[in-house]
Amino acid sequence: MARFDSLVDSLGGTPLVGLPRLSPSPEVRLWAKLEDRNPTGSIKDRAALYMVEAAEQSGRLVPGATLLEPTSGNTGISLAMVARQRGYRLICVMPENTSVERRQLLEMYGARIVSSPAAGGSNQAVAMAKALVAQNPELVMLYQYGNEANARAHYEGTGPEILADLPTITHFVAGLGTTGTLMGAGRYLREKVPSIQIVAAEPRYGELVYGLRNIDEGFVPELYDEAVLSTRFSVGPREALRRTRELVESEGIFAGISTGAILHAALGIADKAVAAGTAADIALIVCDGGWKYLSTGAYAGTLEEAEAALEGQLWA
Amino acid sequence: MAIEVRIPTILRSHTGGAKAVQASGDTLATLIDDLDSQHSGIKGRLVTDEGALHRFVNVYVNDEDVRFTGALDTAVKDGDSVTILPAVAGG
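Residue numbers (our numbering), protein chains in the order written: chain A, 23 to 338; chain B, 65 to 155.
Any given hint could turn out to be false.
[Stated by the list, open to error] Derived CB-CB ranges, DEER-like:
(1) A:122 with B:137: 54 to 60 Å
(2) B:141 with A:31: 50 to 56 Å
(3) A:118 with B:68: 29 to 35 Å
[Claimed, not checked] Interface residues of chain A toward chain B, partial, derived using beta-carbon atoms under 10 Å:
(4) 198
(5) 231
(6) 241
Treat the hints as calculated values from the structure; they're not laboratory data.
Beta carbons are placed, not taken as given, at the ideal position from N, Cα and C, and that holds for glycine.
Produce the complete structure using the sequences and hints provided.
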C-alpha cells in the first residue's frame, strides 16, 4: 500500500532488506529493518504515536494540553511531529550534548527545549523532567521509559512485521535505550519462535556521559525486563563508527551511529554461528538515518578523528 | 595473572584516580575480592550485602553483560577485559 490519509497513517510497514555483502555465508544471513523509513525518520515514531493515542483514549491527553518528555532526541522529534498534527504543545528536556540537528528539527516542529547539563547525561534529563511535572501538574509526561504503549508499539508492529518477512528468524538484535523495542518485539518473537535469541546492543559513551553522581542514582527504565533478553553487549564509539561506515560502504545504507553499534553485535553473533557451523537468520534494527549526526563529525575523516569528535556526546 | 578492569569516574576515589587497574581471579566474584584487597571499599560499591550485583551497576566481561553469563559466577581468565559502568538512560 502506498497511499495514506496522512503522514502518521504511513507509520510502520518498513522494509526488511538483506545485507548480502556483510553476511558471512549463505547460511548465516543478516537482515536490516529500515526504521528510518518512518514519518520523521526513526523507529521512535512508533512509540510516540502509540503513547499519544493511548493517552488520548484514557483521557489523560485533552485538546490544548502540553506534553513534556525527557529525550535525547529521536523520541522528541517523533512526539513533536505527532503533537503538531494534533494541536498539542511539547516541551523536551534534553541533555545539552546532543547534536545540533536534533535541536533544529525539534524547533522546526514547534517544540520547546529545556536543556539539562551534559555532565548529568540522560539520567539528569529524566530527573529534571520528573521534577518539572511534579511542580506543574498540568503538564502531561508520557514517559517513554515506563509507558507500556512504547513496548506495545513494537509488540503489535515491529515484531509481527519482522516475523512475517522472516519466518526463519533465529536472532533479533536491537538497541537498548528505553528498552521499548527489545521488550515489545522481543516478547512477541519469543512467543512465536521459542528458540529465538534476543540480543541487546547498548551504546557505551565517553566518560562525561556517565557523570559524577553516586552510583545509587543510576537509572534502569521501568519497562526493562531482563528475562526477555538472551544477552546484552556494550558497544563503544570506535566499533559503532566503524560498523556505521561499513554499512554505508558495503550495503549502501546510510544509518545513524546507534545502528553501527547494533550491527557490531549482530556481526559478532554471525561469527559465532559460522564457527559453530549453524545456520542463522539475524534480523537487526536500523534505528534512523545518518543525517542527524553529520555535524558530530562521525562520517568525516579517519575513525580516530571521528571517535575523538564523539567524545562527550550522546551519539545514540 | 592479570585482567584489566576499567573503572568508571565515580569509583576512581577507590583506585587513586586510576581509570584501569589489574586484578586476578577465576570468576568475577574472586576478581572483585582481589580488587577490594587492593582498593579497599570498592566491593561494597559493586555488590550488595546479599551478595548480588548492585541494581545500578553494570559489569561487562569482554563487552558482554555478566547478568546473562552467570553474574558473579561468570568465569574470567587472563587477557579478558572487565568494564564497570553505572546504568544510564537512553532514548
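For the restraint on residue 231 of chain A, tell me whether the closest CB of chain B is nearer than 10 Å.
Constraint on residue 231 of chain A satisfied, holds at 7 Å.
Honestly, do residue 118 of chain A and residue 68 of chain B meet the 29 to 35 Å range at C-beta?
Given about 32 Å between the Cβ atoms, the range holds.
Residue 241 of chain A as chain B interface residue, shortest Cβ-Cβ below 10 Å
For residue 241 of chain A, the interface hint holds, since the closest Cβ of chain B sits about 5 Å away, which is under 10 Å.
At the C-beta level, are residue 141 of chain B and residue 31 of chain A separated by a distance inside 50 to 56 Å?
54 Å, holds
Can you let me know if the beta-carbon spacing of residue 122 of chain A and residue 137 of chain B is within 54 to 60 Å?
Once the Cβ atoms are compared, 46 Å apart, the range 54 to 60 Å for residue 137 of chain B and residue 122 of chain A is violated.
Holds or violated: is the Cβ of residue 198 of chain A closer than 10 Å to a Cβ in chain B?
OK, holds: residue 198 of chain A within 10 Å of chain B, min 7 Å.
Going down the numbered hints, you'll see the structure goes against just number 1.
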